[in-house]
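Number of protein chains: 2
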Amino acid sequence: MALTTAETTPALVRDLDFGPAVALSCRECGARYDLGPSFACTECFGPLEIAYEFPKVTREQIAAGPANIWRYRSLLPVPADVTDKPNMAPGWTKLVKADNLARELGLRSLHVKDDSGNPTHSFKDRVVAIAVEAARNFGFHTLSCSSTGNLAGAVTAAAARAGLDACVFIPADLEQAKIVMASVYGGRLVGIDGTYDDVNRFCSELIGDELGDKWGFVNVNLRPYYAEGSKTLAYEIAEQLGWRLPDQIVIPVASGSQLTKIDKGFKELIALGLVEEKPYKIFAAQAEGCSPVSSAYKAGHDVIRPVKPDTIAKSLAIGNPADGPYVLDIARRTGGAVEDVTDAEIVEAIRLLARTEGVFAETAGGVTVGVLRKLAAEGRIDPDAETVVLNTGDGLKTLDAVADQARPAAVIRPSLDAFRTAFA
Amino acid sequence: MALTTAETTPALVRDLDFGPAVALSCRECGARYDLGPSFACTECFGPLEIAYEFPKVTREQIAAGPANIWRYRSLLPVPADVTDKPNMAPGWTKLVKADNLARELGLRSLHVKDDSGNPTHSFKDRVVAIAVEAARNFGFHTLSCSSTGNLAGAVTAAAARAGLDACVFIPADLEQAKIVMASVYGGRLVGIDGTYDDVNRFCSELIGDELGDKWGFVNVNLRPYYAEGSKTLAYEIAEQLGWRLPDQIVIPVASGSQLTKIDKGFKELIALGLVEEKPYKIFAAQAEGCSPVSSAYKAGHDVIRPVKPDTIAKSLAIGNPADGPYVLDIARRTGGAVEDVTDAEIVEAIRLLARTEGVFAETAGGVTVGVLRKLAAEGRIDPDAETVVLNTGDGLKTLDAVADQARPAAVIRPSLDAFRTAFA
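Keeping their order, the protein sequence lines are chains A and B. Counting along the first sequence from 1, when you hit position 26 you're at 26 in full-length UniProt numbering, and nothing is skipped either side. Counting along the second sequence from 1, when you hit position 385 you're at 385 in full-length UniProt numbering, and nothing is skipped either side.
One thing to keep in mind: the hints can contain errors.
Because identical chains cannot be distinguished in the list, a pair is counted as satisfied if it fits within a single copy or across any two copies.
Computed cross-link-like contacts, BS3-like style, restricted to lysine-lysine with a CA-CA straight-line distance of at most 30 Å [said to hold, decoys possible]:
id : residue 1 : residue 2
1  : Lys97     : Lys85
2  : Lys278    : Lys298
3  : Lys374    : Lys85
4  : Lys374    : Lys267
5  : Lys56     : Lys278
6  : Lys97     : Lys214
7  : Lys214    : Lys374
8  : Lys308    : Lys56
9  : Lys298    : Lys374
10 : Lys374    : Lys264
11 : Lys56     : Lys298
12 : Lys374    : Lys281
13 : Lys374    : Lys308
14 : Lys267    : Lys97
15 : Lys278    : Lys374
Keep in mind that the hints were calculated from the coordinates and are not lab data. Being a predicted model, the structure only gives us computed values, none of them experimental.
Based on the sequences and whatever the hints tell you, model everything.
Put into structure tokens, the structure is as follows:
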């Protein structure tokens, strides 16, 4: 294997502290590189990911840690003193025991991993927190990203706390809540006339330009670090289940990165002896209006054909998902599936989750719960197996999805007679 | 002292389990009553509150509890097995070390207690969780409330999870996010043509009518139980500071209940030997457009003159605050103060907190941070003392307050030239 030096300078390398991370490694050809702000293999153009030498770690050590993702810091590419630095300290969100929803779907044991409890109310706080440490390590002064909305808010908030500049890029037609959230923390919010894929391409250009010098694009040149943040979802689910893997899990797919990292996290827990080895099935969920991975799965293809998104699930509206092929692999290998639901089914699922469990999900949560419901109705998941479904965002950011249906039953004068008349 | 029986039936009394709570006690005359769905003293019309016989409890026992308010269940009017019941399990929100904001305000040590991390993103989840247990104890089938918005969402969500019906009442002119959130969880949302005080009066009528039979109005007939939930803010702040009381704390005032209960919580911790006794100053914060308590404080009065609210801080817009006189007492007794800020100062403070700490507060958080800023600028708080400021809600619910100012810096085509032109 090649051990080539990335674009990091010797001065930078000297001060790097990524904890247990020891190298970047190509997911395709296995080539290894020094830790640096690189994301693609120079030999085969495959994606780079973090290679570790993990210390011995026990359940007790983890449980004694803080109530956030840093309880797993010895399994993440961050320095041991990350807890002392100003960051958003995301994670350790609730694993909600969803007995009411389980009953409606005919399942025996169901939990909702509710990441709306994160500081900016989406799972993106997890990945950004790792990217911030990478940006500090590499001496970057500006944090940036292409975003479908949630990420932009997570980046600008984290940059504010960390004392970094921020410049973030979104499609100009996003929900108002996401636009406000992406700009209220300061930094520079730039709307792009185009889709998320246009925004993404633009950021790739910017990174090669002097305009983007010393910028950490969390989901481009910091992507190998950033993506590891999603492993913490796997760690938390297992720990919150009592150090046990679920039998079945339903995960949303935008780029597909989160799903691959949850699978990686489960495998690490087994390898480290923190949970017992057992089979688990991973189900991937997309919106019909942006379902390139689901389409490939159903057609039996290995290659993803890009689509132009048209769905209310904007946080999943990535028409050309980078990790799509890996999602197909994992769904097939674990005995899961990839499925999609319509916008109407998404809205129904949001309301179902809200009225059964008091969890108000973003459209992405409507996608996972909708797919779970579909799989259960069609007998494609085991009703007796321990099941987890992810809600990765917050209904307050996608109000329009339900605003037509979520209204007062009546507006009345403040009198008993008026109440009687309205509801008699 | 009178020990009279409230309207509870013997059958109800037999099955009641309120943990360490032993009676209701009049705050004014000290008359004691059996635990029941009562809220006013029949002797003097004073408000009733919970009287306890606390068990011996240690820091270690509490720390071994769950990461939510039930870690303090032995200090709350709930059964010991409350953790096994379906509820929202709120609390244990972040105490954010706010070094950036402290620097801007010239303070040495500042923390933000950020209750936007609760399940429905406001502190109301705390109080409602206690009310749900009271409703279960009393055999009520419907959970209800008058609300300025946050409470309605907290009640309908909690009712959904607990399997209770819900019927909640709000002023019809609330923010869209709060209306959606109050109806998405199911139950019945009723808009009232009028102010919060009109809604409140209507609920008091309803409770005396057969229409409201077997209804638990969390902030009326369940108020003594409900209000105790705010004590958990005091417990958490002290525990998160390392079992130490802060020197100074800034708390928002709507009805004033939360402030009085935080003071009660601090005093209980001292009495139980869980923290060292020391003086602390409580500062109360209102919006200028609804500042009856601040006005009375400044005028040196003991009586609150009701006002008609006119402020963007709708969650604090209670013109006739029931616990206003107690707030005056506490601010004066502890050496604190009551202060108010304009709507413009509220917006500025929301943006200040967001850009320094990555915390996006509701207008109520703008009120507390704005008042803190004013007190600091005027030299009325000790810049070297340990200070805590509360954010009780979420900026996503009051987007309009900042929407004009939180916008993209530019909207451009996805090209480097366009970026250069926009930001050259």
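So, going through the hints one by one against the coordinates:
no., hint, in the structure
1, Lys97 - Lys85, "between (33 Å within a copy, 10 Å between copies)"
2, Lys278 - Lys298, "within (27 Å within a copy, 67 Å between copies)"
3, Lys374 - Lys85, "between (44 Å within a copy, 28 Å between copies)"
4, Lys374 - Lys267, "within (27 Å within a copy, 53 Å between copies)"
5, Lys56 - Lys278, "within (21 Å within a copy, 43 Å between copies)"
6, Lys97 - Lys214, "between (44 Å within a copy, 28 Å between copies)"
7, Lys214 - Lys374, "neither (46 Å within a copy, 38 Å between copies)"
8, Lys308 - Lys56, "neither (46 Å within a copy, 63 Å between copies)"
9, Lys298 - Lys374, "within (15 Å within a copy, 61 Å between copies)"
10, Lys374 - Lys264, "within (26 Å within a copy, 50 Å between copies)"
11, Lys56 - Lys298, "neither (42 Å within a copy, 61 Å between copies)"
12, Lys374 - Lys281, "within (16 Å within a copy, 56 Å between copies)"
13, Lys374 - Lys308, "within (24 Å within a copy, 51 Å between copies)"
14, Lys267 - Lys97, "within (24 Å within a copy, 35 Å between copies)"
15, Lys278 - Lys374, "within (25 Å within a copy, 59 Å between copies)"
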